[in-house]
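Hey, can you piece these two chains together into the complex? The hints should help.
Protein sequences appear in the order of chains A and B.
Read in order, the letters of the first sequence correspond to residues 77 to 513 in our numbering.
Read in order, the letters of the second sequence correspond to residues 525 to 858 in our numbering.
Source of the hints: derived by calculation from the structure; they are not laboratory data.
Any given hint could be a false lead.
[What the hints assert, rightly or not] Once the Cα atoms are required to be at most 16 Å apart in a straight line, the calculated EDC-like pairs of lysine to aspartate or glutamate come out as:
{"hint": "1", "chain 1": "A", "residue 1": "Lys250", "chain 2": "A", "residue 2": "Glu275"}
{"hint": "2", "chain 1": "A", "residue 1": "Lys335", "chain 2": "B", "residue 2": "Asp796"}
{"hint": "3", "chain 1": "A", "residue 1": "Lys335", "chain 2": "B", "residue 2": "Asp689"}
{"hint": "4", "chain 1": "A", "residue 1": "Lys250", "chain 2": "A", "residue 2": "Asp282"}
{"hint": "5", "chain 1": "A", "residue 1": "Lys401", "chain 2": "A", "residue 2": "Glu411"}
{"hint": "6", "chain 1": "A", "residue 1": "Lys160", "chain 2": "A", "residue 2": "Glu170"}
{"hint": "7", "chain 1": "A", "residue 1": "Lys117", "chain 2": "A", "residue 2": "Glu179"}
{"hint": "8", "chain 1": "A", "residue 1": "Lys401", "chain 2": "A", "residue 2": "Glu179"}
{"hint": "9", "chain 1": "A", "residue 1": "Lys335", "chain 2": "B", "residue 2": "Asp711"}
[Unchecked claim] One-sided excerpt, in silico: chain B residues whose CB lies under 7 Å from chain A:
{"hint": "10", "residue": "Tyr605"}
{"hint": "11", "residue": "Gln690"}
{"hint": "12", "residue": "Trp725"}
{"hint": "13", "residue": "Asp805"}
Glycine included, each C-beta is placed from N, C-alpha and C at the ideal position.
Chain by chain, the residues:
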Amino acid sequence: MRITTTGPHRPVVRRGQVVLGAVTALVLGLTACGDDSDPTKSAEQEDLKEGESLTITTFGEFGYDALIEEWNEANPDIQVKQTKVSLWDDWKNELNTLLQANEGLPDVVAIEGDFMPALVAAPDRWVDLSDDEVEGRWLEFKEDAATTPDGALLGYATDAGPEAICYRADLFEKAGLPTDREEVAASMTTWEDYFALGEEFVANSDAAWYDASGSIAQAMLNQVEFPFEQADNSVDVENDELRAVYETVTANTESLSTKAAQWSDDWSAGFQNDGFATVPCPGWMRSNIRDNTGDPAPNGVVWDIADVFPGGGGNWGGSYLAVPKASPHQEAAQEFAAWITAPEQQLEIFQTLGNFPSQVEALEDPELLSTQDEYFNGAPAGEIFSNRAAAITVQPYHGPLYSDILGKFQEAITRVDQGADPEESWQTFVNEVDSLQ
Amino acid sequence: MSTRLEGTPAGAAEDPAAPAGGHHRHNRARLVRRERLSRWDLRLSPYLYISPFFILFGLVGLYPLIYTGYLSLYDWDRFYYQRGEFVGLENYRFVLGDPVFIKSLVNTFSIFLMSSVPQVVIAVTVAALLDNRLRGRTFWRMSVLLPFVVAPTAAVLIFGSLFADQYGVVNSALESLGLEPVRWHVDRWWSHLAIAGMVNWRWTGYNALIFLAAMQAVPRDLYESAALDGAGRVRQFFSVTLPMIRPTMIFVIVTSTIGGLQIFTEPRLFDDTPQREGGPDHQYMTSTLYIYVKGIEDQFYGRASAAAWVLFLIIVGIALLNFAITRFLTRRSA
Chain A
77 MRITTTGPHR PVVRRGQVVL GAVTALVLGL TACGDDSDPT KSAEQEDLKE
127 GESLTITTFG EFGYDALIEE WNEANPDIQV KQTKVSLWDD WKNELNTLLQ
177 ANEGLPDVVA IEGDFMPALV AAPDRWVDLS DDEVEGRWLE FKEDAATTPD
227 GALLGYATDA GPEAICYRAD LFEKAGLPTD REEVAASMTT WEDYFALGEE
277 FVANSDAAWY DASGSIAQAM LNQVEFPFEQ ADNSVDVEND ELRAVYETVT
327 ANTESLSTKA AQWSDDWSAG FQNDGFATVP CPGWMRSNIR DNTGDPAPNG
377 VVWDIADVFP GGGGNWGGSY LAVPKASPHQ EAAQEFAAWI TAPEQQLEIF
427 QTLGNFPSQV EALEDPELLS TQDEYFNGAP AGEIFSNRAA AITVQPYHGP
477 LYSDILGKFQ EAITRVDQGA DPEESWQTFV NEVDSLQ
Chain B
525 MSTRLEGTPA GAAEDPAAPA GGHHRHNRAR LVRRERLSRW DLRLSPYLYI
575 SPFFILFGLV GLYPLIYTGY LSLYDWDRFY YQRGEFVGLE NYRFVLGDPV
625 FIKSLVNTFS IFLMSSVPQV VIAVTVAALL DNRLRGRTFW RMSVLLPFVV
675 APTAAVLIFG SLFADQYGVV NSALESLGLE PVRWHVDRWW SHLAIAGMVN
725 WRWTGYNALI FLAAMQAVPR DLYESAALDG AGRVRQFFSV TLPMIRPTMI
775 FVIVTSTIGG LQIFTEPRLF DDTPQREGGP DHQYMTSTLY IYVKGIEDQF
825 YGRASAAAWV LFLIIVGIAL LNFAITRFLT RRSA
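The shape of chain B in the complex, shown without the other chains (with noise of 0.2 Å):
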């Protein structure tokens, strides 16, 4: 940065070969000098307090980015957990053609249509019940959130025990109606369910909160005049509420698109065979599982950060296309 400042005026000014004069001269220099340090903190300071983020940006984002893409281009050497020989793209080919990750991005895509969908839905029903004036606001309101204090791990466990095969809780209660009991370890998308449960539990609180907030700072004077023109508590809902907190609502979208994409606590504790692979038929196998049990588990790492990058374009296009549906919605709301 230190290049862009050596050309500014004020530079010029203090030329170390410029004759250090009389008194004048010298409190000028240092009039100078004070300005130039205005000026700096001026432009360098607000750098200076954003910095931190892309500084931790750089090294925990961009750079295992940009390594990940060197990695994927080598073989791995399994016993000494080093970077083997040059293989071009050899890595993609593998993994383009493994038939364990195309069921991995089907699961993905599967359990990430099972959580996200229903749990914005619910959130936003959430989010109106609790815009009601109700005794004792704000427990209800920190109650809703209560589910994503519990670390994933504790949740899994709760309901890994709910949804044991033969001796869980789901099964006994299914049993007692006289249901067959639902293997839930074993049918692919009676676990891709088991799993969005455990995700919805876990978020639907949270972005409940987000909606809330949103919801609150639309004017309350839209709701009279609605409630004027004779529209009930639904109607004000739907022409009301639901336009005003668009901007959340993609906010969420998108957001939860994110996590969606690349759930992996879930799957990977739900599995209680040891080698946790997302079932022994891969049923419930997500991509980022995938990457995992292929750079950590089966010591493969150019092939794991070949899918890392096959996973990672797959996500951008879908914020792209998040992004041009975001541009839709709002270009048409205004």
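If we strip away everything but chain A, and leave its shape as in the complex, we get (with noise of 0.2 Å):
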């Protein structure tokens, strides 16, 4: 380095000159680069080669484990590999970072329901998966959740989450509470007397009456029919029925609930340390219960489900499969996803993990219907899920910015839970709900 700045020609002001010249012509080239891709563009179509895999991203549970290797199997051509996110959450921030790059996207998304509408207002993005061998495969409800106004279906339906109530029949018992799911489903068909229900039981017990205040303010914001945005997709959260949810979930925080906030730490271990008795229930929640309690569960411990859900049917989640424009092998990942949610497949999860169907063929299979649930004290799962996803009256309507609402609705939840003024942390809630548009 000393022998060059001793060097006797040393022209410094044109040395300045250089390195401001290289910085710029660097910075202009890649700003170049950076606005060249146009995300409505389709990729270019290649053929799966030697060694390459088609790749899907799956969150939570979705059960493909086996049936994974079952096509890779009879497909030597289109071998799948799966990578899983554990949380929703966590795999919506990824994905919304991989769409604003658009790259490094999985041939084949996996998209919790509450953000299809999202998708459908960017549909260009999103490869039309609509095809004759597919139409009318699930429910209706279902297929309009993921149907843009021109007719494109960008996502296959895997699952629905018609919902029931779990719970744990040994602490009922304790707190002296019938335990037979038919009595028990008596006595809990409207919220009134579901709270009253959890009066009496936390009088008589240390536990809490359910799992999370988000739980179950979830459950009765799937019975709304505007929760959030009007048909128009104008955002309105103040309106009466909302309201109406925060203020009957809030009141209640300090009796019935764990306080816990649901899919936390706390919330897993509540599973194992006696913290709660009854938990909302759409199908696939069945894996989690499960995974948390502990299979085989504990000593005492009794889970059951009963044929109710307070205030009427009510449907959680239940996902999609989608296909991105931006893969390169558009035709195996549509192949794929049409092949892994028929129904056939999808009964095979029912039975192996909880997940309900949501394949109008599935929920008609007598081997559907006839499904018991060992782990949950031997309940007709098979029959109780269809009662309940026949008992859904309401569905909601969901504008695209539902599923970042509903982030910031249960925030506000959370909040009281913590210790807040419900008030302020409504007002709160308002305000974050106006910074998102």
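Laid out in structure tokens, this is it:
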């Protein structure tokens, strides 16, 4: 270094210019690179090469491990590789990042039902998957939620989430409540009854009545026709029905809730520590209960399912598989997605994992109807969840911001769990929703 | 760079218009070429050797910085994930007027002070203790570095179960001592303390090793003369060691300031509600986390970019302050 600086010709000024020029060129060059990718343009299609796999990213537990193995054996040309992310919210953030970059997206993307409206709002980033072969395969409301006004189908539905109530029969017994699943069902057909029974329970038990304020909020929201957005997608969170849900949930926080945020460490620990007695329970929740409680269940722990949902039916979640236009293997991706969301496969997942099918044919299957869940005290799960699906009368309207506002709403509930003033927390929620627009 | 070299006298000798004449002329030309090459080598090679850093810096440092500034002036299309219309300083107005951003700034400084100050004090103490004749010196020295090797994510998992509100280890210990359990994820200042604890756990040993290296470079005869003058160990530490390691001290303080103002992983993963926004009431949302939440979760890239620039300017301001203090201190010690 020193040698050059003492050299005879040291053009100081010019060097500065050169460096400046180089930096400018670099920045301009890169800025140009950054702008040339049009996310609505389909990627160039290629065949899968030797050693290349079709990629799919799922979240939570889709129950695809065995099925993908089966597919890979039958289709040596289209090998599928799955990546699992544990929480939807984490996957949503990663997906947002990948969509921003329009790079690194898997060929098949698992989408939580609540996020589907955001895809429908930007339909030309996704492959239209409509096909004669799959027409009429799904429950109408599932298919509608993934269809654009122009009739493009952006996602194949996996499961549906008709909700029942899962409860701890052993804790019910200790508190002197009825334990028989039919009696339990009869005692909580309305939310008033459900909360009243809860008061009775907590008076005679150390456990909380339900797992999290957030899950009750979610359950009640699923019975509101226009929770956050009106039919024209205008945001309206200060409506009476939403306000009523918020007030009911926060009023019961102190007496009935664990006050742990759903999916938090304390929430998971509550399953093993006799933390609570009931959980709003879509089909897919059963595998969460099983994993968190431990399988086989610890001594004395008895989970059961009541064929009831307070305030009528409700659907919570159920996901979709979508194919981004950035995928270079769209045809193979669609073929695989069509296969794995077919009634036969979804039926298998229902048997092994509990995720309830959204496919019409699977719902009428006698095998499904006769399925019992040994972990849940031998409850006739097939029959219960079919009844629950039939009980759904309201399909809440989900606009493109639904998923984002829901996150803020859950935070508002958690703040009250943590001791914040409900009115203040609501105001913060309204402000945060404002800044989402 | 070629423009500069064309002007050199050697370049003139290689004028292509000059006739390529007799044998020795040809030889001379070759010599000139060689000379020119070696001069190039002398001039250019050093730049070539350091260029990887600058190219990388341009790619991952400068370019994102400038592009972020550019994006901060634009609206963002949330559904297509694309730049929207030009909005001028609107994003800056939003960010500076957003109480959540102000809260995140306060959190950032609070966590920074709770982490950096004890970190430096403890690191110097540990280094001073390690600077003694110990049995199995290398073992002790390497073990203080151990937390640094653990990935921050893993560290947060461990601390997460220590500091869980209802079923956490720390709270069980407090309760068994008859004390009130602390709501680590709820009370703002306690949550800062828990996060600062994670940061300190990870970085103290690392800083201690840097201090130790500096301490070992202190000439031993200074201690001997101090001892002859009757100074005890403590006096020696304050009057000899500390003044001698001052430049290292300043280096550590500057780097831990920069790091401390950019804490992200710890608060992000400490929050175990699904939204992970540094607590539902943003009790421990740092400014970098605010940028992430605005850009990735809420999908307002312009606002996130504006927040990033505001944070950048704040850090530059503090770096300048540090620089001034450094100058002041070194001048005094000289």
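Evaluated hints:
For the suggested pair lysine 250 of chain A and glutamate 275 of chain A, the alpha carbons sit about 15 Å apart, so the restraint of at most 16 Å is met. Of the supplied pair hints, the one linking lysine 335 of chain A and aspartate 796 of chain B holds, its CA atoms being roughly 13 Å apart against a limit of 16 Å. For the hint pairing lysine 335 of chain A with aspartate 689 of chain B, the CA-to-CA distance comes to about 11 Å; that is within 16 Å, so the pair holds. Between lysine 250 of chain A and aspartate 282 of chain A the CA atoms are separated by roughly 10 Å; this keeps the pair inside 16 Å, and the hint holds.
A C-alpha spacing of about 15 Å is found between lysine 401 of chain A and glutamate 411 of chain A, which places the hinted pair at or below 16 Å, so the restraint holds. With a C-alpha separation of about 12 Å, the suggested pairing of lysine 160 of chain A with glutamate 170 of chain A holds against the 16 Å cut-off. Restraint check for lysine 117 of chain A and glutamate 179 of chain A: satisfied, since their Cα atoms lie roughly 13 Å apart, inside the 16 Å limit. Distance restraint check for lysine 401 of chain A and glutamate 179 of chain A: the Cα-Cα separation of roughly 11 Å lies within the 16 Å cut-off, and the hinted pair is therefore satisfied.
The suggested pairing of lysine 335 of chain A with aspartate 711 of chain B holds, with an alpha-carbon distance near 15 Å, which does not exceed 16 Å. Here the hint on tyrosine 605 of chain B is kept, as its CB sits about 5 Å from the closest CB of chain A, short of 7 Å. The beta carbon of glutamine 690 of chain B comes within 4 Å of a beta carbon in chain A, closer than 7 Å, and the hint placing it at the interface holds. A least Cβ separation of about 19 Å between tryptophan 725 of chain B and chain A goes past the 7 Å threshold, and the interface hint is therefore violated.
Because the closest C-beta pair between aspartate 805 of chain B and chain A is about 5 Å apart, less than 7 Å, the hint holds.
Hint 12 alone, counting from the list given before, is not met by this structure.
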